[in-house]
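Residue numbers (the numbering used here), protein chains in the order written: chain G, 1 to 404; chain H, 1 to 248.
If you are wondering where the hints come from, they were derived from the structure by calculation, not from laboratory data. Don't take each hint at face value.
As the list claims (entries may be wrong) - Quick list of in silico lysine-lysine cross-link-like pairs, DSS-like style, CA-CA up to 27 Å:
no.: 1; chain 1: G; residue 1: Lys63; chain 2: H; residue 2: Lys217
no.: 2; chain 1: G; residue 1: Lys292; chain 2: G; residue 2: Lys394
no.: 3; chain 1: G; residue 1: Lys63; chain 2: H; residue 2: Lys77
no.: 4; chain 1: G; residue 1: Lys143; chain 2: H; residue 2: Lys77
no.: 5; chain 1: H; residue 1: Lys216; chain 2: G; residue 2: Lys63
no.: 6; chain 1: H; residue 1: Lys118; chain 2: G; residue 2: Lys63
These numbers were taken from a predicted model, which means no experiment stands behind them.
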Amino acid sequence: MMILKLAWKNIWRNKRRTFITLSAIAFAVLFAVMMRSMQEGLEEQMVKTSVENSLGYIQVHTKGYWDDRLLENGMTVSDLPIQSIKDLDNVTIVDSKLETGMITNFGTQSRGTYVLSYDIEKNLPKQVSKKLVDGKLPQNGKKEVILGIDLADYLDAKIGDTLVFLGSGYQGATAVGLYVISGLLDFHIPELNRSTTYMSLSSLQELLGAEDLVTSLMIELEKPSKLNETATNIKSVVGSDYEVMTWEELTPDLKQLIQASSAKGYIMNFILYMIISFVMFGTVLMATQERKYEMGVLQAIGMKKRSSMLLVCIENIIISIMGVILGVVAASPIAYYFYNHPLELQGDSAKAMLEMGVDPIIPFSINPMIAVNHGLIVLVISLVLVIYPLLVIKNLNPVSAMKL
Amino acid sequence: MKKIIFIAITFIVFGFTVTVPNADEIIKKSETRLKGKTSYSEIKITTIRPKYTREMTVKTWTKGTDYSVTLILSPAKDEGTVFLKRKNEIWNYIPSIDRLVKMPPSMLSQSWMGTDIKNDDLLENSSLVDDYNKKIVATEEIEGYPCYKIELTPKEDVNSIWGQITMWISKADYMQMKVKYYDEDKELVNTFYGRSVKLIGGLKMPTENSIVPANKKGNKTKILTTKRQINIEVNDNIFTTQYMKRLN
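The shape of chain G in the complex, shown without the other chains (with noise of 0.2 Å):
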């Protein structure tokens, strides 16, 4: 108990080597937490773009689908046991999805064009109204179409242009109609904006000859860390002519594209601990070594090496928690800010990533286990140089060392 009075009085007897080697830890702390704070929030941001646009986390067909997407491989509505799995812990939304390649025209341009179902009343998916930048989105009974902006340039067609589309319906026969442009649509992807449209299931279903004929459910997830248990709870309800598959699945792609991410992540941040770590023992060895005398004259009075010893690692000990504790405090506001404010890429990272599909932004994560995983990893780090101090006091002869 002395000791532990002795360390909080050492503690505060020299401040600034005390506020030396706190600052160093947490320093340390506050850079691990932010960029890996960065690089979370990058693979959070690829996956969430890449889900909202186009996927959802979930998503089931009829069997088969996925690799034939035909839209006589489609599913009947009714058929489906929506509510349930409406039911099931962590789904928050189910989305009923009606999606097929089309020709659309307007006076001598045509383009392929991806048709996808747009549910008016849900106002779902939900990115379609927030993408809307020019216009008004679909009315209902209304045979009217939202598109991508470099789609409708392409075209030539404005808002209030009538379309043609044109394409193969359900069981081969012709589907034909035309719709009238009443919104324009900006993904910042310009492979979407390139290639999407929009327009009312129902629209659609009419347009294909398939009433009540949906391609697949989209379903979103309160919690996306619990995907893999959400999607086996989907199957059991579903049953065995479904086939149900996480976004992991969809897009092997992306799953590999943030593996790959976090592999780099991991290098870098091994590179990071191994300066930090240089710079922490840097401040040790200091430390230890002016402390030397002190410690000869401590034991030339009658203190034992193993109370000394334990002395300097409860010292340390106190001062890496405070350290770890300071690192997190300062590291989560701006985390925090970052998070509400995210890093806009310019230039040609920007581009790679909006070819990617990718809004090219950085948020930055506030997932509090990042904090808790580098506090740790920065107090192991820590703890482990204190072997230092307690060798350099094993060794201490106390008459040398009291000798100046």
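Starting from the known structure of chain G, arrange chain H on it as the hints suggest.
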């Protein structure tokens, strides 16, 4: 004696070259015989899918390989729809909305009217006669007709959608009895079967044809020729976009 041997050798070599027909010639004869300068046909197309079957009847006029026009007669929903091929373009007239649509290049690899025929096949951008190297590899019997089995590989500078085509062409009448289409990786994509050879419009040809995609189980398109005339008088106006609405 030497002279005799020399003559004998020349004779054998010469004789050999005349008895083995040239693969280029066979393909050329087969193509010109089938298409003529102009042609008119009435065709019934049946699309067979695991979950449904769909029938369609069409009339089609062709002029050389550059021009063709196809009018759909049934089903009722598609009646009056016209497809016009002009060199590298495909135009589609849709009577229900009274619009003329040019097929965008991105849709060329898509299926034509839900069949196993692709829009690309209608265009026939590459010519079997000019753009392929040909080699007779065997003689085989197909549907009771002795056939030359000919392998066609696209010439180096030709942009073909096929990596290889194998054709079985009958020795008599140069009829295309069977054709296998392979992609760049030499994977089989489609097989064309010619069946039920009949004399139609003065021409002996298989009238019940089918296209079977290799990797889709239960899919097939049957093409039944009910009427065919070649080298008839065809008004050039018929191959213009202006004429498409009046074709019905």
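Tested hints:
Between G/Lys63 and H/Lys217, the direct Cα distance comes to roughly 15 Å. Compliance with the 27 Å bound is thereby established for this hinted pair. A hinted pair counts as satisfied when its Cα atoms are at most 27 Å apart, and G/Lys292 with G/Lys394 qualifies at roughly 11 Å. Proximity of G/Lys63 to H/Lys77 is assessed by CA-CA distance (about 31 Å); at most 27 Å being required, the pair is judged violated. Only pairs whose Cα atoms come within 27 Å are accepted, and G/Lys143 paired with H/Lys77 is accepted, the gap being roughly 20 Å.
For the hint pairing H/Lys216 with G/Lys63, the CA-to-CA distance comes to about 15 Å; that is within 27 Å, so the pair holds. Under the criterion of a C-alpha separation no larger than 27 Å, the hint pairing H/Lys118 with G/Lys63 is consistent with the structure, at around 26 Å.
Checked against the numbered hints given earlier, the structure breaks only hint 3 and satisfies all the rest.
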